[in-house]
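Here is what each chain is made of, one letter per residue.
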Amino acid sequence: MQKKTRANPELRRSVTPWGSFSWGYSDVGADIFVGLGLVLAAAAGASNVAFLFAGVVYVCIGLAYTELAATYPVAGGGQYFVMRGLGDIFGFIAGWAVLLDFTIDVTLFAWTSVDYSSQLLPSLTNSVHPWVHFVAVFALVAGLCLLNVIGVRESTAFNGVVSALDVLSESLILCLGFLFAFKPALLIHAMQFNWPSPYQLMLGTSLAIISFVGLESISQAAQETQRPASVIPRTSVSLILTILIFALAYSNLALGLQPWHPITDASGHHLAFWQIFTNNSDNQGKAVALLAAQVPYYGALAALYVPVLGAILLLISSNSGVFGSSRIAYAMSSSNLLPALFQGVHRRFRTPAVSIIFFSSIAVIELIFAAIPGLFPAAASFYSRFFRGENGLDFLADLYAFGAATSYSFVFLGLIGLRLTDPLSPRKFKIPLNVGMRFRGERVEFPIVAVIGFIGIFSILLFTLRTHVLGRIFGPSWLLLGLLFYLAYRRYRRLPVLQSVQRDWRNDQTEILRRSGELELMDEYLANLKASDRRRATEGSGV
Amino acid sequence: MLLIRTALSIAIVVCGAILLTEMFASIRMAGIRVLPGAVLGAAMVALGAHRLALIARVRGGRR
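Chains A and B supply the protein sequences, listed in that same order.
Going by numbering that gives the first Met the number 0, the residue at position 457 of the first sequence is 456; the numbering climbs one at a time, nothing skipped.
Going by numbering that gives the first Met the number 0, the residue at position 42 of the second sequence is 41; the numbering climbs one at a time, nothing skipped.
Please note: incorrect hints may appear among the correct ones.
Unchecked claim - Derived list of chain A stretches under chain B, where covered just means 3 residues or more per stretch with a C-beta under 8 Å from a C-beta of chain B:
#1 47-54
#2 225-237
#3 241-252
No lab work stands behind these hints, which were simulated from the structure alone.
These figures come from a predicted structure and were not determined experimentally.
Here a beta-carbon is modelled for each residue, glycine too, at the ideal position from N, C-alpha and C.
Turn these sequences into a full structure, and let the hints steer you where they fit.
Below, the structure written as structure tokens:
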């Protein structure tokens with residue numbers, strides 16, 4: 000086992016602090032392009048409250064990921080933290096939920112990338128030309144799969160440029176929007192007279208969490224960052240706050256926006272800006288571009304380039320789904336949570352081709368299921384009858400919210416577990432609000448924020464199950480299928496089915512810190528271990 | 000470059016502080032509805048302060 004690990008080539012640690020920020024930003028930052036329209040359609044006048052609730056939970060998740068990624072800088076991410084904190088079976092469930100999210104990520108972001116492009120190329124509009132839209136999304140997914148198999152990835156430099164352009168552009172939209180188009184009275188009016196029903200608010204909140212998905216990228220960046228324990232906390236806090244500010248600012252601006260060009264419905268009545276998203280999935284898929292176009296003067300320019308920028312950012316995010324799923328599957332396979340087949344590397348290109356093709360195929364199946372109501376009107380009536388008329392975008396968003404809420408719930412539990420079972424690993428960054436206590440003879444710090452975050456994300460999971468008709472069928476089915484597969488695989492391999500495989504975490508941790516260049520932390524860890532062993536020996540001998 | 004980043008960070012803090020003040024001034028009229036705006040202001044102050052702390056650390060390191 001040891002030999003095998005050594006034989007694997009290590010990832011080069013060359014990502015700078017800005018590279019680490021832009022890596023996360025190009026993944027999480029794209030989410031608002033998808034989430035804004037969906038939340039405005041569902042939560043109407045309480046959209047900003049939905050983003051606020053999801054945003055507070057997201058800050059807790061972000062802090063948890065920052066601590067875990069800085070302490071355990073490995074690419075496995077949530078699955079690794081949960082496996083180490085709670086055991087193999089929970090690690091599998093968390094990883095499997097992340098895999099669902101990554102496959103949905105591929106389809107959903109390719110879908111919305113085409114939606115943003117349709118702002119400039121109307122022939123790509125889903126409701127008008129569903130087959131053209133379907134073929135375009137399929138071509139993007141297939142193209143990304145092929146690029147990943149042959150080993151072409153977007154470079155960190157390219158991510159950096161797109162992220163910088165996007166931060167600049169979004170800041171401009173928000174600044175000019177708040178300065179010239181924002182009317183506080185409209186916001187208060189929308190909140191007062193268009194407050195949604197509790198059901199709609201729950202739906203909106205569960206959709207708002209999809210604007211904050213992608214924190215796995217923090218741990219993926221950690222694997223390739225030099226001295227991650229120092230760099231990751233710095234970049235993550237900036238990333239978390241930036242994303243939160245954009246989400247809250249966009250939702251407030253959208254509710255209080257005085258459109259530059261008057262918007263009317265079919266009967267000529269004036270509409271508020273946020274009302275153009277109700278029951279209109281075409282508009283929901285390109286909300287930021289529509290909002291940017293309504294900013295006075297600047298909107299004329301923004302209408303030309305924001306759809307392009309949005310489409311590129313969404314495509315990068317879609318690619319991170321293809322790349323991320325193969326990497327997580329590879330990591331899970333290395334930990335005996337999935338068959339060794341998923342470690343299969345292409346002979347010529349040296350990429351995890353089996354994982355890439357397998358999870359891209361699942362993404363295509365999800366795409367077909369999402370596109371069916373648009374492609375076949377007969378099937379649309381079936382969807383309306385059994386699934387409350389949910390459309391393709393709803394289906395993808397349902398599963399995305401379910402996967403995120405499930406995996407994040409386990410990450411909080413994993414963090415609590417690791418604080419209790421691994422108090423000796425040096426933590427350069429700790430989430431605030433900890434209570435000191437003793438556990439199995441060691442002094443540990445119990446994280447209160449993790450408990451608050453768990454309650455928040457678990458309630459979002461319950462909202463998702465309550466309000467997402469497709470999500471509550473297909474999400475748990477995905478987990479159940481995966482679990483059955485896991486149990487059969489572990490039994491076949493004669494590995495502990497419900498228990499965990501014995502691992503030497505001490506050596507693992509030392510190796511992780513050595514590889515990441517955190518030699519001071521490695522020394523501190525070894526000193527902690529020695530002190531703990533000495534203390535236990537003294538206590539054991541009764542001296 | 001550091002000067003521009005400092006100016007930007009200060010601008011973020013100032014904007015956040017103005018937003019917070021505006022929100023607290025409107026509590027009587029709008030009640031709990033100011034909460035999303037208040038959190039937005041607080042997040043902007045936090046981001047600006049965090050960036051300023053990083054810049055201060057970089058400057059400290061150079062000296």
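Going down the list of hints, with the structure as the test:
Only residues whose beta carbon comes within less than 8 Å of a beta carbon in chain B count, and the stretch 47-54 of chain A has 5; three or more means the coverage holds. Counting residues of the stretch 225-237 of chain A whose beta-carbon sits less than 8 Å from any beta-carbon of chain B gives 3, enough to reach three: the coverage restraint holds. Here's how the stretch 241-252 of chain A fares: 7 of its residues keep a CB closer than 8 Å to some CB of chain B, so the rule of at least three is met and the hint holds.
The structure is consistent with each of the numbered hints, conforming to all of them.
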